[in-house]
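Just so you know, the sequences run in chain order D and U.
Residue numbering for the first sequence is 1420 to 1902, as defined by my numbering.
Residue numbering for the second sequence is 14 to 231, as defined by my numbering.
Be aware that one or more of the hints could be misleading.
Far from chain D, some chain U residues (derived; all Cβ distances over 12 Å) [as the list claims (entries may be wrong)]: (1) Ala161; (2) Glu170; (3) Ala193.
Beta-carbon label-pair distances, calculated as ranges [unchecked claim]: (4) Ala150(U) - Pro1492(D): 56 to 64 Å; (5) Arg1860(D) - Arg220(U): 29 to 37 Å; (6) Val182(U) - Thr1702(D): 56 to 64 Å; (7) Pro186(U) - Asp1864(D): 44 to 52 Å; (8) Arg1445(D) - Pro186(U): 44 to 52 Å; (9) Ala201(U) - Gly1850(D): 15 to 23 Å; (10) Ala89(U) - Ala1646(D): 48 to 56 Å; (11) Gly1517(D) - Glu124(U): 21 to 29 Å; (12) Asp1844(D) - Ala201(U): 22 to 30 Å; (13) Ser1663(D) - Ala48(U): 51 to 59 Å; (14) Glu124(U) - Val1841(D): 37 to 45 Å; (15) Arg1445(D) - Val182(U): 52 to 60 Å; (16) Cys1835(D) - Pro195(U): 27 to 35 Å; (17) Arg1445(D) - Leu24(U): 52 to 60 Å.
These aren't lab readings, by the way, just hints derived from the structure by calculation.
Ideal placement from N, C-alpha and C gives every residue a C-beta, glycine not left out.
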Amino acid sequence: MNYAVLWVRDFALHALRRSDPALAGRPVALIAGEGRRAVVTEAAPEAAGVAPGLAATLAMARCPGIVLRPRDPDAEVEANRLLLAAAFTLAPRVEFTGPGCCTVDLQGADPARTEAGMRLRAAELARAGLPARIGAAATPLLAAYAARGAEPVRLVADAHAFLAPLPLAVAEPAPAQAEILRGWGIRTLGQLTALPKAEVGRRLGTDGAALWERAAGEAIRVLRLVAPPTTFIAEWDYDPPVESVEPLLFRLRRYAERLALELRAAGAVAEKLTLRLFLEDETEHGREFRLPEPGAEVDLWLRVLLAHLETVRTGARVTGVRLAATPARPPQKQDGLFDTGLRDPAAFWENLARLGALVGDDRVGTPAPRDTHRPDAFALGKPAETVPAPEPPPVHPPRGPVLRRFRPPWPARVVCAAERPVQLDSEPACGAVRAAAGPWRSSGDWWKPEGWTVETWHVELAGGGLYQLARTADGWSVEGMLD
Amino acid sequence: MPRGPATLAALRSLLAARFPEKTRRTGGGPATGVAAVDEALGGGLPAGRLTELVAAPPAGGAQLVLAGLLAATRGARQRLALVDGADGFAPDAVPADHLRHLVWVRCRGAEEAFAAGDLLVRDGNYAAVVLDLRGLAARALRRRPATAWYRLQRAAEGGAAAVLVLTPVALVPAVPRRLALPAPLTLADGRAPRADLAAALAVELERGTAAAAEELAG
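My request is simple: use the sequences and hints to build the entire structure.
Written as structure tokens, this is what we have:
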């Protein structure tokens, strides 16, 4: 099992269907030519009675409601890139054999892991709308034969037993050769290879010998290798432009599937996604998403993108989209024995991303006080993956009620007597001051333009309620409630 | 036909057999560190349930309960989420070490707070989720459809997080436990150690009984 071939039957049709959500489940056929000369080249199973070679007009008569479309070169390029990305996850030496067909050099790979990988890739490609068949055998040609009969993966260990019952057409004889061989009574590859190669060559010439080699699956060739992608970018256009999220999401998923496979083939994950929407008025909307947990999971990417797209309002319709993934090495970590980690890390980071989209990235996180005495100075950081052990209790335990701030502070009018507040008048609270404590004066950053000075008071109102007042150069304000 | 307690017991067994998920006893959630609250709730906030704490101004102590919960969950190395409807939490008012397990969501109103609460209650990584609606207009909060609360309750039932809702007026329909803070704090309290204040805080149980709360906490 030295080579594997990934092959997609009716490739152009599948490429078209996976690019257009409107074609799902409908009878579709590809046509070539124009007008009355148009003929069907590939037909979906739903198009009953329609087969390649049928005139388009006949196809419409036989299958009412059939959708006839020409090939979509852009969709085929994208489908080929997806197939190549899947091939690169199996081994780094890959040949782009033709549209919908890749050959992978598996020499040196672990057979057990490779077989599991092939089954996984076949399932992934099927989910991505590209049902590939994968064959693995000793030669590229044999692997290609195996791929054509795979459901969806076939490994060929005994080449002779595999080839013997296959029809002669598999070896693609020239029409003249096929006619002669039919006259000899030869119908299968096994019957042809039962004849001596030299005798076949003597009667049918070098072409006959080549046919015999193809029938024996012996044809060895050097693969024309392609380089794996080094950038992870998908870009596509909409014609006509779109104005809702659904069509965006459909294609985003399709292209994200390819990018994720390319990243995995490169042994990388995405740490950042960049989305650009090109608009009809020739402006663009761009946004970078730093993934809370680097990964190559399409569903996670889409949830992050969707959370943002649901909040986006553009001034014009979307004519094109560009999605780029910034690669990074997969995170490696080993949890401590006594660490209390996350029960469900994916849900944790995903929900944080959604919260960021909901309230703003700068309004979610774990607060940490800044190294200053300035009131209400803190930074919001990324929550820790594990909750560390608590520190010993502070030498001076906290005293008094806990402040709940009003942001922004409420402007207040304060009447003082003997330099102490006696009457408070503001939106959240007003009334006579029963008792007041203070002032506590603090200042800082006096050497900077943003220097600050504040005088703080705690007051208890006659009607009940404890409030913290601040007096600055701008006047009095109610900073919060002591609760 | 059995009558009285026998009928009730039979009904309970029938419900438990038919709806094991709905009638399961949830495990005890985190303690708040405030003696009166923990006593009223039978040991701590019930996991998988909503608990409402009404702090109608000028009644005080809700922030004290929140600080106690921060300290208690930090001591147990659990995670706490605070959905801050009016963005009133002051990180500089509690010890810095009591913030390291906290995820703080600074909302700009009830809409954001409910959406954030809905996400966090379902998350599964938090021991407690605090939905602080104080500071928001009571009138706007009353206009919230009851289905928003039922949705939150259903979401909480499926998870392990205890959900504490801090409200300026009684709001949550059909909440299993509702506590109220009856008295305002005074300036004299400003000099007392916070632990003493928490120990002396008075709380009224407006809905549910202590015995039922203990049973609920399992």
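Do the hints match the structure? See the list:
Against chain D, the non-interface label of alanine 161(U) holds: every CB pair exceeds 12 Å, the least being about 16 Å. Distance check on glutamate 170(U): its Cβ is at least 17 Å (rounded) from any Cβ of chain D, clearing the 12 Å threshold; non-interface status holds. With a least CB separation of 14 Å from chain D, alanine 193(U) remains clear of the 12 Å interface cut-off, as annotated. The hinted range of 56 to 64 Å is satisfied by alanine 150(U) and proline 1492(D), whose Cβ atoms lie roughly 59 Å apart.
Between arginine 1860(D) and arginine 220(U) the beta carbons are some 46 Å apart, a value that contradicts the proposed interval 29 to 37 Å. For the pair valine 182(U) and threonine 1702(D), the supplied restraint of 56 to 64 Å is violated, since their beta-carbon distance comes to about 47 Å. The hint said 44 to 52 Å for the Cβ distance between proline 186(U) and aspartate 1864(D), and at roughly 49 Å that hint holds. For the pair arginine 1445(D) and proline 186(U), the supplied restraint of 44 to 52 Å holds, since their beta-carbon distance comes to about 48 Å.
Between alanine 201(U) and glycine 1850(D) the C-beta distance comes to about 18 Å, which sits within the given range of 15 to 23 Å. Take alanine 89(U) and alanine 1646(D): their Cβ atoms lie about 54 Å apart, and the range 48 to 56 Å holds. For the hinted restraint 21 to 29 Å between glycine 1517(D) and glutamate 124(U), the CB-CB distance of approximately 55 Å leaves it violated. For aspartate 1844(D) and alanine 201(U), the hinted distance range of 22 to 30 Å is satisfied, since their beta carbons lie about 24 Å from each other.
A C-beta distance of roughly 55 Å is found between serine 1663(D) and alanine 48(U), which places it inside the suggested range of 51 to 59 Å. The hinted window of 37 to 45 Å between glutamate 124(U) and valine 1841(D) holds, with their beta carbons roughly 40 Å apart. Distance hint for arginine 1445(D) and valine 182(U): a CB-CB separation of about 56 Å, consistent with the stated range 52 to 60 Å. The hint said 27 to 35 Å for the Cβ distance between cysteine 1835(D) and proline 195(U), and at roughly 32 Å that hint holds.
Distance hint check: the CB atoms of arginine 1445(D) and leucine 24(U) are about 54 Å apart, consistent with the given range 52 to 60 Å.
Checked against the numbered hints above, the structure violates hints 5, 6, 11; every other hint is satisfied.
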